[in-house]
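Chains as they are written, first to last, in the numbering used here: chain F, 667 to 901; chain R, 3 to 538.
Mixed in with the good hints, there may be bad ones.
Said to hold, decoys possible - Listed below are the simulated PhoX-like cross-link pairs for lysine-lysine, each with C-alpha atoms no more than 25 Å apart in a straight line: (1) F:Lys733 <-> R:Lys383; (2) R:Lys138 <-> F:Lys795; (3) F:Lys773 <-> R:Lys383.
What the hints contain is simulated information worked out from the structure, not anything from laboratory work.
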Amino acid sequence: MLELKDVHTYYGNIHALKGISLKVEKGEIVTLIGSNGAGKTTTLRTIQGLLRPRSGSIVLEGEELTKIPPHLITERGVSQSPEGRLIFPRMTVLENLEMGAFSRKDKDGIKRDLERVCIVFPRLKERVKQKGGTLSGGEQQMLAMGRALMANPRVLLLDEPSMGLAPILVEQIFQIIQELNKQGTTILLVEQNARMALSIAHRGYVLQTGHIRLQGDAKRLHDDEEVRKTYLGEE
Amino acid sequence: MQKLRTALIIGATSAAITFLFGGWSAVVVGVIAGAVIGMTYGQRSALRTPNGIGREAVVPGLVGGLVVVLGGVIHQFIVRPATGQSPFFTHTLRFFGSNAQIDSITVLIISSVVAILAAAAAAFLIGSAQGLPPDKRNRQIAFALGGFLLLFPFYEQITNLNWMGALITVQIYILLALGLNIVVGYAGLLDLGYAAFFAIGAYTTALLNSPRIEIQWNFWLVIWIAAAVAAIAGIVLGAPTLPLRGDYLAIVTLGFGEIVPVIFRNLIAVTIREPFTRFCFVGCDPAVEVRIACLYSCEGPLNLTGGEAGVNPIGRPVIPFTPDSLFGSSSYLPWYFLVLALIVFSIFLISRLRDSRIGRAWMAMREDELAASQMGIDPVKTKLLAFSMGATFSGFAGAFYGAYIAAIFPGVFDFSVSVIILCMVILGGLGNMIGVIIGGILIMGTDRLFLPQIATLLKKFMQVSVLPNVSNEALRDFLSTSVDPIQMRLALFGIVLVIMMLVRPEGLVPSAERRAELHAGEEPRGAPVTADEPTT
Ligand SMILES: Nc1ncnc2c1ncn2[C@@H]1O[C@H](COP(=O)(O)OP(=O)(O)OP(=O)(O)O)[C@@H](O)[C@H]1O
Ligand SMILES: [Mg+2]
């Protein structure tokens with residue numbers, strides 16, 4: 667469904683992605699793990715068009731994304747819950763969610779998705795009138811995910827959804843991700859918490875300083891010697 | 003007494019105006035003070051029924067009115083003698099053509115009684131509105147305000163208050179502030195060169211409707227051209243600033259604001275070359291063609307903008323089937339209502355804009371640019387639109403300003419104008435139109451109405467009561483030339499602003515978001531969120 671082929675992205679002179687190729691099939695959870703600064707966030711930003719790759723191609727269901735202006739890529743069905751959440755602090759929860767549906771015009775669909783988000787995240791439903799900036803960290807994470815869902819994406823990009831959350835909440839968030847996937851959302855999940863990510867994903871990629879180092883079935887990666895040592899912190 | 007403290011404070015603040023102007027001003031000030039008192043007491047009231055709340059506000063209203071009237075009495079019997087004017091004189095009433103004389107003591111008695119009663123009535127009306135459900139309350143307040151705005155100019159004309167000239171300028175500045183509020187308040191782009199668009203609008207009108215270079219197009223056409231030119235200028239300024247944020251953006255706009263008046267100051271030797279003179283729209287007016295041809299054949303280069311001396315005169319608006327003098331130099335009423343209508347229309351338009359897709363895009367951009375582009379917002383389009391919408395209002399205001407003053411020169415559009423408009427927006431409450439309007443009235447009213455009056459009185463006071471008693475010649479010289487609040491206006495202004503930012507950084511009437519943000523620590527987390535900005 668989504669395929670990156672030999673993507674190179676630069677920040678000025680810094681060569682951040684050195685030829686990334688990866689694939690996400692319809693209905694999958696694919697996880698992208700790797701240490702700090704490996705280029706995970708950069709990969710997601712490149713997919714969304716916020717960064718332009720210098721070479722390589724990104725294809726979503728047969729359509730080349732690198733040629734489309736970024737604000738239209740959201741419309742094509744790629745939405746992201748960004749690293750650091752980036753919710754709109756002075757807007758209410760409801761307004762934040764509505765912003766997620768900014769590029770949609772189907773009023774009925776938006777309403778349906780709003781109800782769906784309220785079911786998936788009952789915490790948000792209780793706080794629709796509260797300002798985004800006054801939510802707790804975990805609630806903000808839910809808001810960021812809910813907002814991304816409001817775009818009714820074909821591919822949902824999640825950048826470290828467990829960052830800074832208490833263990834119980836982390837578990838809850840991962841359950842929600844799995845639940846969303848069961849409901850049919852295709853997900854590309856970036857995580858520091860490799861163990862959890864690999865336990866819910868179908869397939870995974872290990873990123874190291876801008877290269878894909880390992881890839882394959884999530885279970886296999888989970889059992890891989892190198893992955894265990896480097897990313898799961900086991901001896 | 004404790005309960006009346008607020009009424010006394012509001013009354014005393016308002017009494018500063020009656021203290022300065024005396025006489026008939028008491029009625030106007032009384033109504034305003036009464037309304038503010040009604041609003042304050044009504045919101046605090048523990049009662050539920052509108053009538054009960056209204057009745058509760060009557061006594062504070064009466065007290066406020068009394069204090070206001072006291073200011074007028076002091077004006078008449080202390081300020082006037084101290085500035086060498088007798089407290090006993092005759093007022094002239096103007097009934098549209100015919101005049102009537104009335105002596106000052108009668109005026110004082112009548113205006114005082116009316117002022118006190120009017121204050122109480124206003125307090126009741128606005129106070130009782132606070133007990134109504136929101137939509138009814140807003141309607142009642144809107145009716146009261148509309149009635150006041152409609153009646154006030156006639157009262158002002160009849161009683162010869164002489165405020166109108168200044169008030170129309172205040173109105174035009176409010177229009178400017180509403181436009182800047184789009185750019186700074188909604189889109190969060192700090193624009194320090196906003197006066198540039200004001201200048202562009204004014205000069206466009208001036209050049210297209212003035213005998214100066216013999217192009218005199220119809221005012222009603224020219225204002226749209228002026229707005230369009232300003233809008234384009236907004237895009238031209240906006241384009242290079244797109245990648246800039248915050249302080250960098252502010253500096254670039256500052257530069258733009260400085261450049262534009264300089265350009266107008268220096269367009270005094272323009273040579274129009276051949277291709278331009280041949281250029282003509284399809285079906286263009288032969289008369290215009292002739293004039294442009296004349297431009298070309300005029301001896302030597304053309305002095306387009308008149309340099310420092312500016313453009314004078316500028317054509318005024320004319321409405322078919324009415325006398326040409328309708329918008330003449332001293333006919334304030336038509337101007338007042340014209341600009342008032344314009345403000346009301348702008349408020350309507352801007353609130354529609356705010357609640358539309360583009361309005362939400364502006365606010366999202368203001369909050370977080372990266373997140374906004376992830377939502378599928380086009381940052382380029384959104385920013386340029388904010389700049390050009392703001393510029394359009396500014397250009398429009400400039401067009402009216404030029405035609406109203408009937409003469410413009412580059413000095414009117416310098417940096418301090420941009421700063422004053424920005425202050426109007428910030429003082430009143432960034433992002434809230436009602437706040438911006440109140441901020442505008444306070445700042446520009448002070449600048450154009452009260453400071454000049456203070457200056458006049460102070461000057462007379464010096465001449466009559468102080469200077470004759472000063473024997474030291476150097477000191478006398480100093481006092482007679484340097485005590486001038488007009489010269490100190492920017493300093494006074496700065497002091498007020500500093501105090502304001504320390505005491506109430508969110509502005510007088512802040513939008514709910516800003517209040518929550520700036521006082522976040524004082525509210526419990528997850529407290530019920532206050533109502534949003536009232537729609538106007
Ligand atoms: N705006 C930028 N300008 C220059 N270099 C950048 C920029 N953003 C990221 N980088 C660099 O690109 C590399 C990849 O960064 P990226 O944010 O993609 O890492 P990441 O894998 O998401 O790391 P983390 O797990 O810490 O979030 C890093 O070396 C980083 O320093
Ligand atoms: Mg990252």
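We went through each hint and held it up to the structure:
A distance of roughly 18 Å separates the Cα atoms of Lys733 (chain F) and Lys383 (chain R); the hinted pair therefore holds under the 25 Å criterion. The hinted pair formed by Lys138 (chain R) and Lys795 (chain F) meets the criterion: a straight-line CA distance of about 23 Å does not exceed 25 Å. Among the hinted pairs, Lys773 (chain F) with Lys383 (chain R) is consistent with the structure: their alpha-carbon atoms are about 24 Å apart, no more than 25 Å.
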